[in-house]
Amino acid sequence: MVTLEKYKGQNPAWCPGCGNFAILKAFKEAMVDLRLEPHQITLVSGIGQAAKLPHYTRCNTFNGLHGRALPVATGIRLANHAMPVIVTTGDGDCYGEGGNHLMAAIRRNINVKLFVHDNQIYGLTKGQPSPTTGTGTKAKNTPFGVISEQFNPMALAVALNCGFVARAFAADTAHLSGLMKEAVNHNGFALIDILQPCVTFNKVNTYDWYQKRVYHIEPEYNPEDRIAAFTRSLEWGDRIPIGLLYRNNRPTFEEQVPMLAAGPLVHQDFDPSRIEETLREFY
Amino acid sequence: MDYTIKIGGEAGQGIQTIGDALGRLLTRSGYHVFSHQDYESRVRGGHNFYQIRFANQPLAASRSTIDILVALDRESITRHEHELALNGRILYDGTRLKLKAKNPAFLAIPFEKLALQQGGDPIMANTVATGAVLGMLGIDPEIFFAFLTDTFKDKGDQVVQANRDAGQAGYQYVKEHCDKCDFAVPVGAVKQRMLIGGIESIALGALASGCKFYSAYPMTPSTGIMNYLASKSDQYGVVVEQAEDEISAINMALGASFSGVRAMTGTSGGGFALMVEGLSLAGMTETPIVIAMGQRPGPATGLPTRTEQGDLEFLLSAGHGEFPRVILAPGSPRQAFYLTSKAFDIAEKYQIPVFILFDTYLADCQWTFESFDPSQMRYRDYRLRGDDFKNLTDYRRYADTDTGISPLAVPGDAGHVVVVDSDEHDEDGHIIEDAATRIRMVEKRLLRKRPRIQSEIAPPDLYGDREARIVLTGWGSTYGVMKEVVDTLAQSTSIAMLHFSEVFPLPNLDAFDYVSFLRKAKLSLCIENNATGQFSRLLRAETGFEFTALIHRYDGRPFTLEELRGEIDGYLGKI
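Protein sequence lines, in the order shown, are assigned to chains X and D. According to the working numbering, the first sequence holds residues 46 to 328 in order. According to the working numbering, the second sequence holds residues 9 to 583 in order.
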C-alpha cells in the first residue's frame, strides 16, 4: 500500500518558511490519496526552486532545463500515455522562459498536470521580477519599477480554452491537495497556479497579504461557464478567488493520435518486416 | 552513353512533376539515374531546375553539360543555353514563349496547345513535355503509358486516357518534327532498380531502426523526413509531432526517449542553434537521441534552399560542457539508410546524442540502386524493461560501471523509480554539488565511454589505387563526385579517394592507418563544400596531418563532375 513514507526524498534546501514546503506536503498527500505508487507517476521539472521539488520527494523524475518541462512532459505522455505526468514549475520557469510551450501545451490539451509555484519573484537568482510581479514593483534590477504589464495566467488559460484552470494558496494546503487530486483526475491538460509567498525576496505578497485577500470560489459557481470564468480570472487585488475557475471536456491530444489507440507507444512492438514492402514503393 | 536532361522554369510550373516522372521512367527503362535539384526559397516564380543524368553504368554525380534542356520559360534558355552539348536540343513551347528557333538546337513544341487538343486541358502540358523527351530518346512508350496509368488511376479512367493522349501527342510530335534527334539509347537487360533520395533514405532508415517518435519544426532541408515519417506513421506506429519550436522538438524527443521509445528530431543550422541547450541536456542526462542535421548555407538564414557543408565544426563543439557525441555523415542515399540504423544503435547503446549530418544536396538528389538490404540494419533493444529489472533489489539510473554505461530502465515497468537530472547528480539521479561525485560522473559519462565509442567508428572508404600518388579526401555528400572523378582519372593517373562517412570521433587507426596512407601520397587534396576546410582542420587537430591543398566550393551549389575534375587538373601538372 502506498504511504507518505514511500514519497520521502532528500531534505529540502529551501529557505525556512518557504511556501514550497506546503506545496510539497500537498503533493505527497494528493498522490497517496490517489493511491499512486511512486513508480507509477512521472514528475517533470525545469529550473528554479520549485523545479527542485522532485528531489525532495521520490518518484520517476525528469529534471531538465529552464522553461522546458512542458515539452519533455509532452514527449513522455506521447510515449507512455498510461503514466500520469505532472510538471512542477515556477512562475519564472513556466510563464517567463517557457511561455511558448505553455501556449502549445494548452492548445494540444496534452494530458499533463501543471502545478505552478507562483511567488511572483525569481528566488533562485535572488530577487529579480518575474512575469507575475506587479507592474511598478521595484526590484534589484528594476529600480524604477516593473514597466511590463503583470502576467495573468488564469485569464490566458481561459482565453486558450484550457481544460482545467484553477488557483490555490500554498498555506491552504488541504484545499491545494484537493485541487491537485481533481487535476490528476481531470481528463486533459490542467493548470493550477499556486500563490506561494517567497519569504526572502518578495516583501509585498506575504502570507498576511494573501490571507487578507484570497477567498474560496462559492460552491454554486459553474466552472463550465467560460465567460464567468474569464470575469473571475480578472479578479486581482483586494479579492483573489481560489478554487476551480474553469473546466471543459475537450478530447485530449493522446485520445486523438491514431497511433496510440493500440496502447502506449512504449509497449508497442517493433515489426521490421514491413520495410521490404515499403522499399518496393521506390522501384 | 551518358546523357543529361535539365528541366528549367519558375517554381510552380511543374518542374518537379516532369523531373520525377522522367527519373522514374528512365529507371524503369533500365538505366542508372542520378538527379539533383536547384530551387529558390519561394513558392512561385524565380528560377528553378531539375537535372537528370542517365547512363548504362552506375552514376553518383551531376555533370555540367546537358543534352536536352526542357525550358519552361525564357530565363531557362538564357541561363543554360551555354551548357548544351554539341548535339544537344532545347525544347520549349514556341507559342507560349513567343520565341523563334534560332538554330537546329531549338525545337519548338506547342506543349499547351497539344495538351488542350489531346488531353482537353492545358494543365497536361507537363505530360506532353515528358512525352516529347521520351520520344527524342526513343524510350518504349508502353513504359510511359503504364506509368501514367499508375499515376492517375485514382482520378478515374477519363483522366488516365486524357494524359495518355497528351503524352502520346508529345511523343509523336518530336518523332515527326525532330529530324536530327540522334540520341542513341541502347538498353541492356532491363533490371529492377530503385530510385531513391537522401531524405527518404534517412526516414526509411529510422523506420527500419524502430524509431517510434519524431518531433521537429519544419525547416529545409530536413522537413522531408517529418513528412515521410508522417505518411508512414499509422503503418509503423510512429508518433510524429510538429513542435512549437526547435527547443520543444528536442526536449519532446528526449521526454519520449526517457519513457522508453527510440526518438529522433531533425532540423537545419538555425533550428539546431535553438536545440543546443537540449543537446547538452541529452549529454548530461545520458538520454539517447538521434538528430538529423541538414546543412544549408548560413550564417543565419543564409541561402535557405541551397547546399553547403558548413556546420561540421558547429556540431563538434555545440553544447556547453563536455560530453560524448557521434557524427555520421552519409555520402549517398544508401549510406544514409544504413548509417541511420547505426545512429540509433550507438545512441541507445552508449546513451548519447548521435547526429546524421547531411546537406541539401544529399537530401534532394536521387540515385538508382539494385536494392537496400534491411537485414543489415542493426536492431537491439538495450533498455531494461518490465521483468528485466523487476527482480533488482536496487536500481540506480546512473550506477557507476566499468564501461561507464549505466542501466537504462523504462520508467513505470517495475517498482523502481527512474530519476534523471540536468544538474550534476549522484548514482540515483539526485542533485549533488560535491567535487568527488562530479569527478566520478565525468569519468563515467565521458572518459570511460569515449574509447568504446571510438572503437565503433568505421574506417574511411578507400576507393581506387591502394598505392595512390594522388588522394582525394572528403566527407558526406562529396562522396559521389569524388568517386566519379577517380573513375575518370584512374586510366591515366594513380589516384584514390578517401571518404569519411563517420566523421566524429575520427576512426581509430588500427583497422586502417589512413594517416600513413595520406602521408605516402604525392598529392593529397581535401575537397569540401565550405570556405574554410572544416574537416581538414579536424583531421589536422586530431592527427597532425596536413593536406597538400584544399579545394573548396562555397557558392551554395554542389560540385559537378567537370568542375571538380577541372580543379584537380590544375594540381596534376604540379606533381
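Keep in mind that the hints were calculated from the coordinates and are not lab data. By construction, the Cβ of each residue, glycine as well, lies at the ideal position given by its N, Cα and C atoms. Errors might be hidden in some of the hints.
[As the list claims (entries may be wrong)] Calculated cross-link-like contacts (lysine-lysine; reagent style DSS-like; alpha-carbon spacing at most 27 Å): (1) X:K53 to D:K398; (2) D:K163 to D:K121; (3) D:K121 to D:K106; (4) D:K199 to D:K121; (5) D:K398 to X:K51; (6) D:K108 to D:K183.
[As the list claims (entries may be wrong)] Covered by chain D, according to a simulated footprint, are these stretches of chain X (three or more residues, beta-carbon under 8 Å): (7) 74-87; (8) 91-104; (9) 171-184; (10) 208-222; (11) 320-328.
[Stated by the list, open to error] Quick partial rundown of chain X residues pointing at chain D, CB under 10 Å, derived from the structure: (12) W59; (13) R122; (14) L123; (15) L205; (16) F315.
Hint-by-hint comparison with the structure:
1. X:K53 to D:K398: 21 Å, holds
2. D:K163 to D:K121: Judged against 27 Å, a Cα distance of about 23 Å means the pair holds.
3. D:K121 to D:K106: 13 Å, holds
4. D:K199 to D:K121: 36 Å, violated
5. D:K398 to X:K51: 18 Å, holds
6. D:K108 to D:K183: 20 Å, holds
7. 74-87: Holds: 5 residues of the segment 74-87 of chain X have a Cβ under 8 Å from chain D.
8. 91-104: It holds, with 6 qualifying residues against the three required.
9. 171-184: violated (count 0)
10. 208-222: violated (count 0)
11. 320-328: holds (count 6)
12. W59: 13 Å, violated
13. R122: 8 Å, holds
14. L123: Since the shortest Cβ distance to chain D is 5 Å, the answer is holds.
15. L205: 13 Å, violated
16. F315: 4 Å, holds
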